Amino acid sequence: MIRLPSSHAAITAPLVASSTAFPGIPIGRSLLDGRPFHLSPAMVDDRVLPSTNSLALGGLGSGKSTTAKVRGRREHLSHGHQYVVVDSFGEENAGEWVPLTRDLNGKVIEAGSFTLNPVSDLFPSEVREQLVRSLIVAVEPDALNAQAAHALQHALNHPKATSLNGLVDALVEPEDGRWPAADLAAWGVGAAIALSRYTEGSLRGLFDGDNAGLPETDLPIITFDFSRLDRNSPAIPSLMAAVACWVEHVWLPQSTAPHRHLVLEEAWQILLSPATSKLIQRLLKYSRKMGLSLDVVMHTLSDLGTGPAQDLARLCEVAHVGRLGPEEAALVGALLNLPDWAIARIPTLDPGQAVWKIGPDYVDIIQTVISEEEARLTDTSSRRRMAQALAVEQDTLDLEAEAAADVDEDQEQDVTVLLERGQDCGADDGWDWEMPPNVIDTRHQDAIQAAREGRCSEAADLAAIGEREDIHAHGINSNEAISWLSTRAKVAELCGDRDQAVQLRATVARMGKDDWFEQAKDDGAPQWHRGPDPVAPVSPAEYEPPVKARRRPWPYLAAVAALALAAGGVWQSAADDKKEQAHQEKAAAYKGLSVTVVNIDGVTTKARAEWSEDGRTVILSARVDEEAKFARIDSGEQTAQEKVAPLEEGQIPMPIRLEVKVPVGDRYEAVRMTVAVGGPHWKEGSRAPGREIEFRPDRTATDVKTGKQLKQYYSRLA
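Heads up: the sequence shown begins at 0 in numbering that gives the first Met the number 0, then just goes up one per residue.
In case anyone wonders, no lab produced these hints; they're calculated from the structure. Check the hints yourself; a few may be wrong.
List of simulated lysine-lysine pairs, DSS-like, C-alpha gap at most 27 Å [what the hints assert, rightly or not]: (1) LYS605 to LYS710; (2) LYS642 to LYS682; (3) LYS585 to LYS660; (4) LYS704 to LYS642.
Beta-carbon label-pair distances, calculated as ranges [unchecked claim]: (5) LYS288 to GLN444: 50 to 58 Å; (6) PRO359 to SER77: 24 to 32 Å; (7) ASP378 to PRO257: 28 to 36 Å.
Please read all numbers here as calculations on a predicted model, not as lab measurements. In this text, a Cβ means the ideal position worked out from N, Cα and C, and glycines have one as well.
Let the sequences and hints guide you as you build the complete structure.
What follows is the structure, encoded as structure tokens:
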């Protein structure tokens, strides 16, 4: 692990909590002052840390999962904590937590090899009904109305309803009750069809076994391995609903451990389902009473959208954030109320480093420290290192072959090396084998080809996955990420949704991008990820020598001309010097950034202008606090706006972020932006108050109407 010297770290970030020490397991060392960092949330005074739930965020390779697994291992070995893990990603068709689970003598439950019983008599009757309803909604969201719900209640009381197959039979062939059996059978058709997906359809084997039971409750760690399932399959929210009910009503009451943990790895797949997100929300709210910590591990908050699923992050009192892109870091910082200096450090963190926020006040940057044994058990990059080792080995073979070719007596050895590499010694100098398939990015073509073949759902999924990967790898405003908007537009067009195609292409245009993502080659195939060809330089006009003036014979005129030329040269030299001095002053003052904070209609608004490295464009943005109901920014022909929809019950308001990109002819040129904000009392249809701001790249900004210079907002994020 790479560490910053304490003196360097102290310069780059303030020492906010150096005197705070938490009890518990060792995790690593602070990069702010070098002190050891310990934390077991269950051992911290509840007045300091009301909740023990944790949220781990970070991009690929940031070390978030390694930190989570190391914490779990140490908590169990040191304090006897018990773990249930829902794992949906790993290598070699096995989940990430499988090696650690086996090392701790736990149990791995692979989806499909172990059958859960949603109508087990270990569940109270109301829990059985809730769980079965969740299974139905996961595959058929509209299958339950008032009549269907009553038919389901009636079937659950049938003696046959001890397994899912028996429940389906009771729905199809009910007995008379308060209503005739014929009516009950008609009402229960939709629920029976939905449940048949689990007994006869593609999801069979998960809940319908004849001897289906429930897992043991006395194991140190149980891992539900969902890694072999399709990530978009309804099996994942269905299984998660069953696991959540089992955790709440069976595992927690029967467990004798001093503290319990439920770990959700790759949690966005689970929390996006409305049915399972409600179950998880209930566990979060009552976790303190249950003696439970919910540990959520995921890449970014953007995966959760802006609905209730993202609001669950606010219920976590412990958060550690690994390396993220600047845009995602700003979003996370706003949600978790991180200081600006911490947000600025997030994009620069090395693997194993994270910004930790504990409770309302404590913020630190921690380097996780692990042993060789822990590294072996938590390794999730073996394939990548294997590929790197093979590449090194191949380079070594190449060097050996080149060295052998220079020595005449080693010609036979040279032939042997070439044969071991699978090459023909008599081949031509060019490539005699095909390039490996991963040299060319075919993800865009794969999505479009699927749409052309009528597999529209698969095409949309491929495009969504590719877009998410490139956002994580390159940033949300990168060319790689934006190119997926054009691919999605093409997919929508091929699948008959022309309105969506037009909307997506308009989004690309508003972001200041042309349609170079879809420019075609000579053969008609799209040239994905190729930028616009450079403009050929315009050849200068032919030089035309000036017409020679007629010679004037008078000597005094020649003297006057000489003096005039000399004076003109002096004046021109002085003008050039003045111009050069002004240019140097502009260059010295140039920062390429201007940020100010203004109050519009009672709402704090941070307005920002950032010039590109080539000085040809400026990104204008505004961040409006959550009190606003409406926000809009305009600059030239570019505009962006957002109106806040009414909040649902329990949903927390989020700040508005708007951004446009405008061209400039000179890197020292000032730009203007109009910001309009509708505050808490703004009514739809009324005009929102606004201010026009002129930004300059020397970190100055002026109110255009009053001419007053606005105070600059200084922070490490800006």
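Subject >> Cβ separation of PRO359 and SER77, checked against the hinted range 24 to 32 Å >> reply: Taking Cβ atoms as reference, PRO359 and SER77 lie about 27 Å apart, which means the hint holds.
**OP:** Take the C-alpha atoms of LYS704 and LYS642, compute the straight-line distance between them, and say whether it is at most 27 Å.
**Re:** The hint holds at about 26 Å.
Original post:
Straight-line Cα separation of LYS605 and LYS710 no greater than 27 Å?
Top reply: Holds, because 11 Å separates the two Cα atoms, which is no more than 27 Å.
Subject >> Outcome for the supplied range 28 to 36 Å, where the beta carbon pair is ASP378 and PRO257 >> reply: holds, 29 Å
Original post:
Given the hinted pair LYS642 and LYS682, is their alpha-carbon gap at most 27 Å?
Top reply: Distance ~11 Å between LYS642 and LYS682 Cα, so the pair holds.
**OP:** Verify the proposed pairing of LYS585 with LYS660, using a straight-line Cα cut of 27 Å.
**Re:** holds, 23 Å
Subject >> Satisfaction of the hinted span 50 to 58 Å by the C-beta atoms belonging to LYS288 and GLN444 >> reply: holds, 53 Å
No hint from the list above goes unmet by this structure.
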